[in-house]
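Enquirer: Sequence:
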Amino acid sequence: MKLSTDQIAAAKAVLGADPLPQDHPVIAELEQAFGPNTFYLDQNGLLIFQAAAECDADGGEARLVLVAAWSDEQKSALGRIEPVDTGITVALGAPTDSAAPDTPDTTA
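In our numbering, the protein residues as written are 297 to 404.
If you are wondering where the hints come from, they were derived from the structure by calculation, not from laboratory data. Note that the structure is predicted; figures quoted are calculated from it, not measured. Hints may contain errors.
The calculated label-pair distances, taken between Cβ atoms and stated as ranges, are [stated by the list, open to error]: (1) Gln370 to Asp302: 33 to 39 Å; (2) Glu327 to Ile384: 20 to 26 Å; (3) Gly312 to Ala347: 18 to 24 Å; (4) Gly375 to Ala313: 17 to 23 Å.
The C-beta atom is built at its ideal place from N, Cα and C for all residues, glycine as well.
Use the sequences and the hints to build the structure in full.
Expert: Given below as structure tokens:
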């Protein structure tokens with residue numbers, strides 16, 4: 297799930313962490329492996345948000361999920377794992393800025 301600027305702020309209020317910057321050189325590789333997401337790193341590995349089952353990607357709550365774990369003590373390499381729900385849920389609300397998908401005007 298790719299978060300908008302407002303959603304990132306909501307997540308930061310809960311997590312106290314910023315995501316990897318979109319212009320980071322590793323983002324293209326991560327998106328190839330995990331799809332378009334806003335990526336977070338912590339002591340356990342790589343995390344993304346997934347829409348909670350009762351919500352959709354247009355807003356509501358999202359669960360923080362660990363999708364890759366550090367594969368060495370130096371935390372220099374990640375290995376894909378079965379997703380692990382961290383138990384952290386964040387109320388993100390609807391995307392309201394440029395990261396939100398554009399919808400074409402079909403009323404013409």
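Enquirer: For each hint, tell me whether it holds in the structure or not.
Expert: Hint check results:
1. Separation of Gln370 from Asp302 is about 35 Å and conforms to the stated range, judged on CB atoms against 33 to 39 Å.
2. Remark: the range hint 20 to 26 Å for Glu327 to Ile384 is upheld by a beta-carbon distance near 22 Å.
3. Range check, Gly312 to Ala347: Cβ separation about 22 Å, and the 18 to 24 Å hint holds.
4. In this structure the supplied range 17 to 23 Å holds for Gly375 paired with Ala313, their Cβ-Cβ distance being about 21 Å.
Taken one by one, the earlier hints all hold for this structure without exception.
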